[in-house]
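As you go down the protein sequences, you meet chains P and W in turn.
Each number in this note's numbering comes from the position in the first sequence (counting from 1) with 191 added on.
Each number in this note's numbering comes from the position in the second sequence (counting from 1) with 191 added on.
Take the hints with a grain of salt, since some may be wrong.
[Unchecked claim] Here chain P is said to cover these stretches of chain W; the calculated rule only asks that three of the stretch's residues, wherever they fall, bring their Cβ under 8 angstroms from a Cβ of chain P:
id: 1; region: 265-277
id: 2; region: 368-376
[Unchecked claim] Which bits of chain W does chain P cover? Going by a derived footprint, with three or more residues having C-beta under 8 angstroms, they are:
id: 3; region: 237-246
id: 4; region: 322-328
[Stated by the list, open to error] Between beta-carbon pairs, the in silico distance windows are:
id: 5; chain 1: W; residue 1: H203; chain 2: P; residue 2: R375; range: 47 to 55 angstroms
id: 6; chain 1: P; residue 1: N226; chain 2: W; residue 2: E354; range: 40 to 48 angstroms
id: 7; chain 1: W; residue 1: L237; chain 2: P; residue 2: I197; range: 33 to 41 angstroms
The hints are simulated quantities; they were obtained by calculation from the structure and are not laboratory data.
Glycine included, each C-beta is placed from N, C-alpha and C at the ideal position.
Take a look at the letters that make up each chain.
There are 2 protein chains.
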Amino acid sequence: MHATIIQEFKKHIQLTVEEEALITASFRYKKVRRNQVLVQPPDIALYEHFVISGCLVEYYLDDNGTQHTLSFAPQGWWMTDLRSFLMKQESRYFVETVEDSELLIVTREQYDELLRKIPLLNNYFRILYQNAIIGQEERLLNVLSTKVDERYLRFLKKYPQLENRLPQYLIASYLGVTPEFFSRVKSKISR
Amino acid sequence: MHATIIQEFKKHIQLTVEEEALITASFRYKKVRRNQVLVQPPDIALYEHFVISGCLVEYYLDDNGTQHTLSFAPQGWWMTDLRSFLMKQESRYFVETVEDSELLIVTREQYDELLRKIPLLNNYFRILYQNAIIGQEERLLNVLSTKVDERYLRFLKKYPQLENRLPQYLIASYLGVTPEFFSRVKSKISR
DNA sequence: GCATTTTCTTAAACTAGATCAATTTTCTTT
DNA sequence: AAAGAAAATTGATCTAGTTTAAGAAAATGC
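With the hints as extra help, turn the sequences into a complete structure.
Right, here's the structure in full:
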């Protein structure tokens with residue numbers, strides 16, 4: 192059950208058997224069915240979620256009720272409202288399951304304790320966050336510099352697995368356009 | 192000269208005198224006048240830059256020759272083409288001075304060695320990158336969910352010092368609009 | 001201090017994408 | 001399998017932001 196997350200850590204750092212046991216003991220397994228809210232603003236995000244299977248989405252709900260998708264977390268990804276989780280401030284972003292999902296979750300206290308007991312984890316998370324920054328820069332740039340049709344094609348290339356698992360309005364929201372306009376873009380592209 | 196960067200590290204971690212000396216020895220002081228290119232695609236980004244004074248900008252130049260600003264780095268900030276610096280791949284973003292600037296720079300080898308010799312630095316950089324992610328999420332959200340006038344007002348609030356130090360076309364590029372349109376927005380707001 | 005380049009402004013025509021509204025298709029639930 | 005709800009399509013109209021162009025203002029170099 193915890194094998195995937197141990198594998199994930201081992202991508203970047205080495206772990207002793209004791210450390211693996213400690214990690215296993217700290218992460219709680221949680222099975223959640225689709226469309227469940229995991230973080231609901233303004234509640235404080237209590238957990239960092241690691242996705243074993245399924246998919247999560249993080250989005251902002253603006254004053255008009257429009258949903259703006261920040262990111263998706265398929266298998267092997269982490270997700271939470273990071274600012275809320277780390278600083279124990281009110282969350283601003285929803286986190287939800289878009290499919291039945293299996294998660295490993297950890298509280299802030301457990302997270303701190305793990306970093307204290309296994310200092311190498313700082314190394315793992317440093318690298319994880321570095322990569323997240325690089326990915327985010329690219330995403331921002333896409334929004335700033337390209338039209339929707341181009342953005343959609345890049346999305347398809349980057350997440351070929353996700354295309355058929357996500358409702359279309361969520362992809363539209365991720366690309367930063369209305370479902371109506373996205374529908375037109377798709378039909379134009381397919382012709 | 193290296194006092195600022197030591198102070199910066201000490202915001203998040205403790206350092207011994209020896210460690211401070213090691214850091215001082217690893218970062219090279221560099222004075223650069225304005226409008227100098229520090230990273231030029233597709234050259235590999237050789238340094239991570241810490242800004243003592245002045246200001247840097249990171250931007251992407253698209254195929255039409257349009258400049259898309261990803262971020263600014265005033266005093267106390269770090270900047271480089273992170274992907275290029277870390278993975279030794281071809282850079283994609285320009286890094287330039289927008290003012291005469293004083294920098295402390297470190298090569299990839301020195302950076303790795305520092306992290307090896309002072310493991311706590313992993314902790315510092317983990318926190319630094321966490322905060323960068325939180326900031327970037329916010330920026331992405333602004334672009335996705337608000338109109339330019341609103342974005343501009345938020346920019347003013349967030350970087351009151353920068354407003355008068357940057358040419359207007361750079362701010363426009365940061366906000367994701369043309370200089371022409373930005374000029375209109377400004378005059379509309381001031382009335 | 002004058003000339004040249006760069007930046008900023010204003011205006012008119014244009015386009016990517018939004019909004020509103022109605023219809024069809026697909027997914028859920030029983 | 002039927003009914004209801006949610007998601008996707010299509011069309012008409014509207015708007016935020018672009019493009020092109022030309023002139024005015026600032027900044028820079030000599």
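- [ ] Could you tell me which of the hints above the structure violates, numbers in ascending order?
- [x] Violated hints (numbers, rising): 2 and 3; every other hint is consistent with the structure.
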